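Protein chains in written order, with the working numbering: chain Z, 23 to 305; chain A, 752 to 1070; chain S, 12 to 254.
To be clear, the hints were calculated from the coordinates, so they are not data collected in a lab.
Being a predicted model, the structure only gives us computed values, none of them experimental.
Take these hints with a grain of salt, some might be off.
Unchecked claim - With a straight-line cut-off of 25 Å between C-alpha atoms, the simulated DMTMM-like cross-links for lysine to aspartate or glutamate are:
#, chain 1, residue 1, chain 2, residue 2
1, S, Lys80, A, Glu895
2, S, Lys240, S, Glu230
3, S, Lys89, A, Asp944
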Amino acid sequence: MVEVPLQVVLNGLTIGAIYGLMAIGLSLIFSVVGIANSAHGGFYLLGAYLCYLFQMIGLSVPLAMMLAIICVGVIGVVVYRLTIHPILSLHANVLILTFLLAIVFEQIIRITIGPDYKNLQPLVTGVFESGGVVMSNQRITAAILSIILVALLSQFIRRSRLGKAIRMTTQDGEAAQLLGIDVTFIYVLTFGLGTALTAGSAVLAAPLFTLYPAMGWLPFILSFFITISGGLGSVAGALVMGVIFGLTDAFVSYYIAPTWGLIAAFLLTLIVLIVRPQGLLGR
Amino acid sequence: MLRLKSLATLSSFKITGLILIIIMVVVPPALRDPYLLHILTLGSIYAIFAMSWDILMYTNQLSLGHSFFFGLAAYSTALFNSSLRMHPILAIIAAVAITAIVGLGLSIPFFKLRGAYYALGMAGLAKIATLTVTAYSDITGGEEGIRGITPLTTDHVGNYYIALATMLASLIFLYYTAEHSRFSLIFRAVRDDEVAAKCLGIVVHKYRLLCLVLGSAFAGLGGAVYATYLTIVNPNAMAIIPTTALVVTMGMVGGVTTIIGPALGAYLIVFLDSFFRVAENIRLLAYALTATLILLLLPGGIIRYAIKAANYLIREVRS
Amino acid sequence: MPLLEVRNISKSFGGLKVIKGVSFNVDKGELIGIIGPNGAGKSTLFNLISGVYHPDAGSIIFKDEDITKMEPYDLVKKGLARSWQIVRPFRNLTVEENIRVAFYGVGFKDSLSERNRRLDEILQMTGLLQHREQLAKNLPLGHLKRLEVARAVATGAELLMLDEPFAGLRVDEIKGLMHLVTVLHSIGLTILIIEHVVRSLLELTRRVLVLHEGRLIKEGTPEEVRRDKMVIEAYLGEESEVA
């Protein structure tokens, strides 16, 4: 029975990569703008439902995905400018404000589209089967695209001019300002980019699960955990922690019981946090 | 941040408080409206909970998992009462003792965590506990929870007075500890700069520990009274969403590190929530939008503006 | 017997060695300066001695006791207090309350009247008497620098460690603060001052240590130090000069 653990490992790895992508949007905003965006799950929700709406009006799956990502990015920018930026220095207020925004998003979706379960069409259909391993093609695609997106993001931040401005702002906002970088612009841009990434993770991951108005809360809590225990601002840390989380979940679910999978995974991240208060790959 | 003491002269502060207490004791039971009494009873219970969250803020401990203590006490009370057949009052006392001890024990792993890391550690704890409670359905009843807890009384007015008295006792105790005891100065120093305080000889973790134990014990008191009042407890009582979310909103809207503010915030949020109940479909939306507006327009919390307004009125009346 | 002995301490942050085997002694009643260019590791050295960080290697002895692993709040009670280069007042406390925190921290057993007398004395000495009721956040930098010293003195310390007390001040403010340091020295306190440049130490002390890239490269009188070739080279490329 070598195949069974392999299936479990692959389950853990794929879901872990997707978790990693879910967390990146939160991590980016956290490290650049310096705020905990509790509306993270709300943007995830918007991404999934906008994609659903675009599919409903007959757009092709890839087009619906792209449009949803762009729309959420724009919504992110508008929301940031109108509500978060004016109270940026009050960290606790931002935390609660964004939290309330997530409730607002959830309720708008519930009232306009309805509380019942919906399904999102996947980018690719069918099932991959080989050597006793069974996995939906969407899951494999989502995992691979997640890793590609994370790699692209870290290259963008490392190499592009804009990326350098973002890094500068992260390290020292005041110094960046002196060098002529428009810090507000960078914040707005990062928030839009972060929320767009979150929507990206939603349109990739949501076809694996179902859509309902409260669907954003678990990804939010998960992302929060993965971001902080991976080390704030560490893209690699988020990905590694995401995979560890996914693997733990998969193994415990398989060997003990599905209900204990998430518990064990959360417990593990909590232990990481307590043993390494700066996070797994944090400095 | 403004301090209440410096805003209001002590005598006007005491007089206003006394008048408010008398109104709270006399008026609601006289109106003979069971629904109003229910809202006020819930408001009082949440006020205890909100103040317990606020005392942690006195030493920079922003807890995003405070529902853990509330739920822990609610479940303990339920189990002591239904499985061990303990009298509800004994069950409440035992539950509060347990949450206080758990809070004491938690100070060890949370010793080094600060800021967002601390907030998240607490959130993780609440999440794990909620998942565990749901999974251990043999003992906890899973999603359904535990029903049939013996109430302290079935009388509306009786329940209201129990909740109000517990709330007032908690308020007086926590307010004096936080604002008028010898700890007050240290709390404020620690809040401004922990490292500088350490370098002047303040053993910061002792004060953090004190606040954590008080915070967990009073959250436990709120949770235990909640369980005996509603006679039912389910995983929601422990869950970050809605319960931690609720208490944090109450605290922020009311005004942090004032003790009285979060208590007022609790009544306000419970009222808002029931006010919007008339339009069930948009209730949560309206509630969240209102709270958002309060946060955006009154970032220091309503208590600070309320006191400013009261002072202004007093001045106007005198001149 | 020296009051403070620093024995070969080292400290790295994330692979970057900031302090590389520093040793020196401070005798009781001495007033000693440590200078060094930006990034020399001066503030880290202070953080190590005051217990904010702990060294990776080496030991620190204070009054014959190994304090290497001790926490700041214990060190203060043993008589070692510090100030901060970038001032760290309790911003929402008044000047008087800021000082009372120090009294509370070291746990004075004296009577209330004795404590109040001591408070007035410190306020008088540091020239903050008229500002006692003001919130720290409303004070100008010159006053905050003096509040730093006042809080450290209030702990009843024997060894005062002052981290760039003169930085950012006007000439007249520096003069006032220098006078304060001289007074504190004359009443028997041992004082260790970090400064960026040697200029302000010229009239204060006879002994200066020079820290450069985590090592002590020179020890001598201020006059010797400012003419030393190695020291001048260490400061090359900086806008300010040694003198």
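Results for each hint:
1. Lys80/S x Glu895/A: violated, 52 Å
2. Lys240/S x Glu230/S: Holds, at roughly 13 Å.
3. Lys89/S x Asp944/A: holds, 22 Å
Consistency with the previously given hints fails for number 1 only.
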